[in-house]
Amino acid sequence: MELVLALGVGVVAACGVYLLLRARTFSVVLGLSLISYATNLFLFGVGRITVGAPPIYDASAGAVAYADPIPQALVLTAIVIGFAMTAFVVVLALVAHQRLGGDRVDQPLPEDEA
Amino acid sequence: MSVSAHLPVAMVALPMLTAIVCLLLGAASRGKDEDVLQRQRQRQRQRWIGGLSLLLLVGLSAVLLQQTADGRVFVYRLANWPSPFAIALVVDRLSAIMVSLTATLCLFVHLAAARGKDARGRFFHPLLQLQVMGLCGAFMTGDLFNLFVFFEILLIASYALLVFGDGTHRTRASLHYVALNLVGSALFLIAIGTLYGMLGTLNMADLVARAAQVSPADAPVVRAAGGLLLVVFGLKAAIVPMGLWLPPTYHAATTPVSALFAIMTKVGVYAIIRIFIPMFGPQQGAVAGVADPWILGLGLATLALGTLGALSATEFKRMVTFLVVASVGTQLTSVGLFTEQGLAAATFYIVHSTFLTAALFLLAGAIIHQRGELGGRLSAGPVMYQGRLLGLLFLVAALSAAGLPPLSGFVSKALILAATPAAWKAVVWTVVLVTSFLLLIQLSRVGSVLFWNLAGDDPPKGPRPGPNDSLVPAVVLLSFSVVLAAAAGPLDDFTRATATQLYDRDAMIERVMTDAQPPPKTRRGDPPPTPHGFARRPGQEAP
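Protein chains in written order, with this note's numbering: chain A, 1 to 114; chain B, 115 to 657.
Just chain A, with the same shape it has in the complex:
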């Protein structure tokens, strides 16, 4: 299972980096989202993967398997922040498209062309 997760994170991150390096803002936004998904999956994995274990450490039950709750909390925070940032960058890309008259990331300013 570790291998599948690791490969998944790797593939998503690679796609994200590829898209990020493209010349149009739409691909860049998609790339940023994919990178943040890959990061979230990775964060989720750092607590070690457990199946069917509660996220509570019960000392009285002896050393039983439990799911580490901290990465879950971290991922939740990271997802919320990631959503806000994605929303912002989408709006920004739209505004840039309107104002600059094109969606290239290095779109020349209108006054430069004039």
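It should be emphasised that the hints constitute simulated quantities derived from the structure, not laboratory data. These numbers come from a predicted model, not from an experiment. Using N, Cα and C, we set each Cβ at its ideal position, and we do this for glycine too. Some clues are possibly wrong.
[What the hints assert, rightly or not] Reference excerpt, derived from the structure (chain B facing chain A, CB under 7 angstroms, subset only): (1) HIS283; (2) GLY307; (3) TYR310; (4) GLY311; (5) ILE623; (6) MET627.
Let chain A serve as the given structure and place chain B on it in line with the hints.
Here is chain B on its own, set in the frame of chain A:
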């Protein structure tokens, strides 16, 4: 707990509450265009509330500074959980200095913006307060993930402030800035995740303690996480080779926002100091010295690049942005010496350059305003209304920026040179002195062009701008340059004590990890309060 024990959290809560109030006021002023009077009234209220809150914040930070001066360290455990489970705010001397710096700078930025620049949108003041909240939090937190969260708060406020006031060029610069920082945030999260996975904690003091005991087999992964952190903080601090986003971004921002951003690069430098000196310092066994070979070299390269950029600039404000890059290089060079004296000098330089950079940006705004359509371009321009005053202010700023006596630029650079150990003297002295000389040449050139190369007595075409209605924030910020030089002795003592405290890793761990009062009784289901009983590879502990 006495009242003063709650000071750290007040420094975060106060700007947050003010931001909410200002946000509501801004939202309430939404209305039809004819409601100009009402809108003005709401803006006036925002200004008063924001200004008073910042004034209070300056007062609180002064108390914090005074309380930490004798070596006391505030450890504020939220919800009073026992360490290391509590998400703590830790305020030592360095944090107190940075927080005071933030509060003071933001007060003057507020004053500068309240002269009319904030009227271009309804939400300048809430954004400024959020930025202050993020900065204060980032400078005080004792938890690595919380550092990430506060970084995001200050970043999203800075994204919005950057596009504040419209303008096409702002939108494009902002797009690049946002994309770069989002990638930086992803890398930061990966580094945090790796450290947590290897060490099982996020509390910085606990991380330091555990990193020292990491086994040689695990060390490469922890070192890799350290390298990632250096990349992330380097991106925020704008060091070579990740620093080229800074000049276009700061150039595009409106004047008070550029002045505010004077503190933004310091967040990166602060994080480098906070993480790399204790966690990857020489006493840290298998993970010692991850960044040692890099920081000094990158600092010198950044200093050289910033200077060359300033030399090649053909526009005044763009030159100032390159001065920011050069100052980051100087700070990092001093930190990269990895000695107590070097760190003390870096702290002194951070204080000096924050005020000076902000003053330079405000001054650039005033001068560009005077030159009408010509803007900041370095060519013969019209006679300015307040030519003498502006020229005098520029002279003071330039002297301080180039590092000539008797101002604080000279004192701080002299401290850095004095702190350089013999092995590095040849390289560091050469780079610092040559770059200072080149900056002096460029600043003289800029000053001559702006103030003496006048295009005849004919008034320039187009509408003539009126005099700047307030230069007070710029003047006060510049006067700090004189004050810092005059008070160099006591300040130097303070920064030396700061450096000693930062290098005393064991004392720091003990202060943060031992509870000031006995922890509350363990409730059912609580994790056992042993440092290693929790979050330690659950899969391996299973029978």
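Identify every previously stated hint that the structure contradicts and give their numbers, smallest first. Hints 5, 6 not satisfied by this model.
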